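Novice: Sequence:
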Amino acid sequence: MLQLQTIRSNSEEIIRRLNKRNFPAQEKIEQILILDEERRQKKTELENLLAEGNSLSKKIGELFKSGNAAEADNLKIRSTQIKEESKKIEERFNQIDEEVQSVLVTIPNAPHESVPAGKSAEDNVTVFEEGEIPVLAEGALPHWELASKYDLIDFELGNKITGAGFPVYKGKGARLQRALINFFLDEALKAGYHEIMPPLLINADSGFG
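For reference, each letter of the sequence shown is one residue, going 16 to 224 in the numbering used here.
None of these hints come from the bench; they were simulated from the model. Incorrect hints may appear among the rest.
Stated by the list, open to error - Cβ-Cβ distance ranges computed for the label pairs, FRET-style:
| id | residue 1 | residue 2 | range |
| --- | --- | --- | --- |
| 1 | Ala179 | Leu151 | 23 to 29 Å |
| 2 | Gln116 | Glu160 | 42 to 48 Å |
| 3 | Lys35 | Ala179 | 18 to 24 Å |
| 4 | Pro214 | Leu161 | 35 to 41 Å |
| 5 | Lys164 | Ser135 | 22 to 28 Å |
| 6 | Glu86 | Met16 | 50 to 56 Å |
The model shown is predicted, which means the values in this text are computed figures rather than measured ones. From the three backbone atoms N, C-alpha and C, an ideal C-beta is built for every residue, glycine too.
Required output: the full structure, derived from the provided sequences and hints.
Specialist: So this is what it looks like as structure tokens:
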């Protein structure tokens, strides 16, 4: 998720880069900036009220000590007003935070400057290639056709459940995937990494940082 500070300082750049991935971000970014400006104004108002409240509390105490109860009572009325105003500002402040978060979660990450604009994988640019491209025998099948032919992977079902790029592994395909995971975990342990198994669910605070 994009950070609010990043949007504040680079809003035009963020909009431009998101346009490269065909995401119209202008309206959402402007909405966030308007809310953020109001949030900062409310923060200043709240700080000023709290400072005034602290000052009044000292004056009220001094007036009571000096026997000026009537004047102290008048200041207590203003002190009560400050508490009520502060409460309303805090409520709006928290509401703005929630509104900003609700918009932020709908904005994808901005691609790197080097990423070309495009609508599909066909618009990608090859940066470099490693090794020699093998010459396959006549009739050789690509991996996705082999996976379907031998019932190792169900691409269509994965697309229905989650979306493109998340296949369902089946039978020997699932066993092979599990074996590969175990292999890489074992290699990581040999390299000195510490294995953990975190919870599969997170709370809202963890999700939003």
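Novice: Now, for every hint given, state plainly whether the structure supports it.
Specialist: How the hints compare with the structure:
1. Between alanine 179 and leucine 151 the beta carbon distance is about 25 Å. The supplied range of 23 to 29 Å therefore holds.
2. Checked against the hint of 42 to 48 Å, the C-beta distance between glutamine 116 and glutamate 160 comes to roughly 44 Å, which is consistent with it.
3. At roughly 19 Å, the beta carbons of lysine 35 and alanine 179 sit within the given window of 18 to 24 Å.
4. Between proline 214 and leucine 161 the beta carbon distance is about 36 Å. The supplied range of 35 to 41 Å therefore holds.
5. As the Cβ distance of lysine 164 to serine 135 is approximately 26 Å, the hint placing it in 22 to 28 Å holds.
6. Under the hint 50 to 56 Å, the C-beta atoms of glutamate 86 and methionine 16, about 53 Å apart, fit the expected range.
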